[in-house]
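Asker: Each chain is listed here by its residues.
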Amino acid sequence: MLRFLIRRIVFGVVVLWIVTLGVFLLFFATSKDPAARFAGKSATADTLALVRHKLGLDQPLTVQYWHFLTRTLKGDLGYSFVTQSPVTDMIKSALPASLSLILGAAVIWLISGVVTGVLSATKARTLLDRGITAAVLVGISMPAFVVALTLAFLFANKIQIFPASGFVPLQQNPVQWFQHLVLPWLTLALLQSAIYTRLTRGSLLDVLGEDYIRTARAKGLPENKVIYRHGLRSALTPVLTQFGVDVGVLIGGTLVTETVFGLQGIGQLTVRSLTTGDLPVIMAVVLIASFFVVLANIIVDIVYSFLDPRVRLE
Amino acid sequence: MSLTDLEADASLPAAGEVAAAGPIQGRSPWQLAWARLRRDKAAMISLVVIVLLIVMALIAPLISKWIGYAPAFGDRKLGITEDGLPVGLNGHHPLGTDRLGRDLLVRAVYGARISLIVGLVSTALATILGVVVGAMAGYFGGVVDTVLARFMDVTLSFPYLLFAIALAAAFGASTPLTIFVITFFSWASIGRIVRGQVISIKQREFVEAARSLGASNMRIIFIDVIPNLLAPLIVLATMTIPVAIVFEATLSFLGAGIDPRTPSWGNMLSDATETYQVAWWTLFVPAAFLLITTLAFNILGDAVRDALDPRSERLFAAQKAGRKKKKK
Chain A
1 MLRFLIRRIV FGVVVLWIVT LGVFLLFFAT SKDPAARFAG KSATADTLAL VRHKLGLDQP
61 LTVQYWHFLT RTLKGDLGYS FVTQSPVTDM IKSALPASLS LILGAAVIWL ISGVVTGVLS
121 ATKARTLLDR GITAAVLVGI SMPAFVVALT LAFLFANKIQ IFPASGFVPL QQNPVQWFQH
181 LVLPWLTLAL LQSAIYTRLT RGSLLDVLGE DYIRTARAKG LPENKVIYRH GLRSALTPVL
241 TQFGVDVGVL IGGTLVTETV FGLQGIGQLT VRSLTTGDLP VIMAVVLIAS FFVVLANIIV
301 DIVYSFLDPR VRLE
Chain B
1 MSLTDLEADA SLPAAGEVAA AGPIQGRSPW QLAWARLRRD KAAMISLVVI VLLIVMALIA
61 PLISKWIGYA PAFGDRKLGI TEDGLPVGLN GHHPLGTDRL GRDLLVRAVY GARISLIVGL
121 VSTALATILG VVVGAMAGYF GGVVDTVLAR FMDVTLSFPY LLFAIALAAA FGASTPLTIF
181 VITFFSWASI GRIVRGQVIS IKQREFVEAA RSLGASNMRI IFIDVIPNLL APLIVLATMT
241 IPVAIVFEAT LSFLGAGIDP RTPSWGNMLS DATETYQVAW WTLFVPAAFL LITTLAFNIL
301 GDAVRDALDP RSERLFAAQK AGRKKKKK
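One line per chain: the protein sequences are A and B, in this order.
Residues 1 to 314 (the numbering used here) are what the first sequence spells out, left to right.
Residues 1 to 328 (the numbering used here) are what the second sequence spells out, left to right.
Chain A with its partners taken away, still in its complex shape (with noise of 0.2 Å):
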């Protein structure tokens, strides 16, 4: 276990330290010149070279990689191009509704994904497989924006019964919070519940297929333990993974879902970053989000060992 962990998390550090390589090559190895951007559009050759300084721009490449990854470790993602305040604040301050956003949907697809999933499985070849089949088609088939703006034009704008963008934080009024919420929650989990469902049905008609699963019906365990017991406890290793994974990419990416209802989270500032070009807030979204990723996929490892006795942690 321990082994495995060190391997893990080994492994982990190396992916994010390819990511700071990347992000940094990308943006000051790439971009046309950072201190331009930085000073503004009417600094005169004095400020710009004084600017250059400042941000360590006229050291080698190395020096300065040397120098932002130093700074990164310490938790300092620099200052942003437009605001000039710092983006570890600014990421602060957007991590509620993003987390709000995330945490919420993720329960409602993984429940309503896996639900569906098992009772598209044991009922496999049936009228009520084919819809849930035939329904995950135009699931799959949609993209987030435009169930996104279907709902909002649905339920804010046709029928007022949510409002149509916002974010309320929790601890200032919890009933505005959920409300603000609905949509965006349905939006996100109607797209991945689709995804779960396929995966859950597939993944639990193979173990159903497997030679244990004939031995507990030998042993005249009723069909329910051993399609929940045995069946869906391996079944589910597949859905954890891709879950993890999600859940990792989500935090700093529902863009989408994030700019149509208009909640200030991680999402919407990388959009906004990206219009106004303020590329020390879009790197500091990459890292996080990278971040997020390679933890979740520790976690999801380690529960794998819980979940199915097949596996062994080594």
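Since the hints were made in silico from the structure, they are not lab data.
Glycine residues also receive a C-beta, built at the ideal position from the N, C-alpha and C atoms.
Check each hint, because a few of them may be wrong.
What the hints assert, rightly or not - From the structure, some residues in chain B lie toward chain A, with a derived Cβ separation under 10 Å:
1. Phe73
2. Gly74
3. Val246
4. Gln277
5. Ala296
6. Asn298
To be verified - For the chain A half of the interface with chain B, some residues (derived, Cβ under 7 Å), not all of them:
7. Leu137
8. Ser141
9. Phe145
10. Leu149
11. Phe153
12. Asn157
13. Ile161
14. Ile282
15. Val286
16. Ile288
Start from chain A and add chain B according to the hints.
Answerer: Using the frame of chain A, we list chain B on its own:
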């Protein structure tokens, strides 16, 4: 899915007839798969839809001429109401106009060009890259495999949408960049599957036979191994196309894909965010085109997979339905 039930009913008698009818003809697995696919009505409808879309994209200038408006032309006379709002569906603009008075049908038809080009080109590139890297990793094993497999893992664990946006911020949004980004984040999942398949294929006797005849590694990979992967690759590619199309639309929607001036479905939907509350068609016209396209590719992909895999569920269902009938 009543269509598949119909198909299930129709398929067994047909198979019976073939067996009964006169001299037995040998049919290749591909012919059999095509016969199975032909019986799948949903798949055939999807195929027709896709062909129609391609034709529509090809004759986009003709459609534009026929309607009478260019894709970028803002019709100030008939395309915008007195209040400056988009015009709904009417004789001049069959599917209405957007906030600049541009004809939505013409723009959607031109948008099909972008979607199909980006979808097909990036899928083709991703498949080639995935096959080459996956086959190398699976065939050579050892250190090569470790490095390449890890590289694929890293690519898959990147927050791809963010990286795509970051790239667009650094280099400016354009069609080639969009294709590059989609390719870069699609090849690894194909590569991973190819690697797994190659590992099992390389242990088969015919590979050993080729090697004992003195065939080089490259010859074995390209002549003996990869042709055996054709069936899963066709399925994978068909499934990757809709993903790529949605990816392009999402990037364009966020302003990080196709140049915002070019008509593409993603750009049209992005424009619609400002007008959909007063003009629903600005949202639903591009959304419908997009949904129909991706749905058609997804249904076709599912059906191709079923047709190429004789043990697949639908066939199983067909046999079961047939058995029941015989008992009666």
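Asker: Decide, hint by hint, whether the structure agrees.
Answerer: Outcome of the hint check:
With its C-beta approaching chain A no nearer than about 25 Å, phenylalanine 73 of chain B sits outside the 10 Å limit, and its interface hint is violated. For glycine 74 of chain B, the interface hint is violated, the least distance from its beta-carbon to any beta-carbon of chain A being 23 Å, above 10 Å. Satisfaction of the interface hint for valine 246 of chain B is found here, the shortest Cβ-Cβ separation to chain A being roughly 5 Å, below the 10 Å cut-off. At its closest, the beta carbon of glutamine 277 of chain B sits 5 Å from a beta carbon of chain A; the interface hint therefore holds under the 10 Å criterion.
Taking 10 Å as the C-beta cut-off, the interface hint given for alanine 296 of chain B holds, the closest approach to chain A being about 9 Å. For asparagine 298 of chain B, the shortest C-beta to C-beta distance to chain A is roughly 5 Å, which falls under 10 Å, so the interface hint holds. With its C-beta approaching chain B no nearer than about 5 Å, leucine 137 of chain A sits inside the 7 Å limit, and its interface hint holds. A cut of 7 Å between beta carbons decides the hint on serine 141 of chain A: the least distance to chain B is about 4 Å, and the hint holds.
With 7 Å as the threshold, the beta carbon of phenylalanine 145 of chain A comes within range of chain B, its nearest partner Cβ sitting at about 5 Å, so the hint holds. Nearest Cβ of chain B to the Cβ of leucine 149 of chain A: about 5 Å, under the 7 Å cut. The hint holds. The closest approach between the C-beta of phenylalanine 153 of chain A and any C-beta of chain B is roughly 6 Å, which is under the 7 Å cut-off, so the hint is satisfied. At its closest, the beta carbon of asparagine 157 of chain A sits 5 Å from a beta carbon of chain B; the interface hint therefore holds under the 7 Å criterion.
Because the closest C-beta pair between isoleucine 161 of chain A and chain B is about 15 Å apart, greater than 7 Å, the hint is violated. Checking isoleucine 282 of chain A against chain B by beta carbon gives a least distance of about 5 Å; that is within 7 Å, so the hint holds. Against a cut-off of 7 Å between C-beta atoms, the interface hint on valine 286 of chain A holds, since the closest Cβ of chain B lies about 5 Å away. Evaluation of the isoleucine 288 of chain A hint against chain B yields a violated restraint, the C-beta minimum of about 9 Å exceeding 7 Å.
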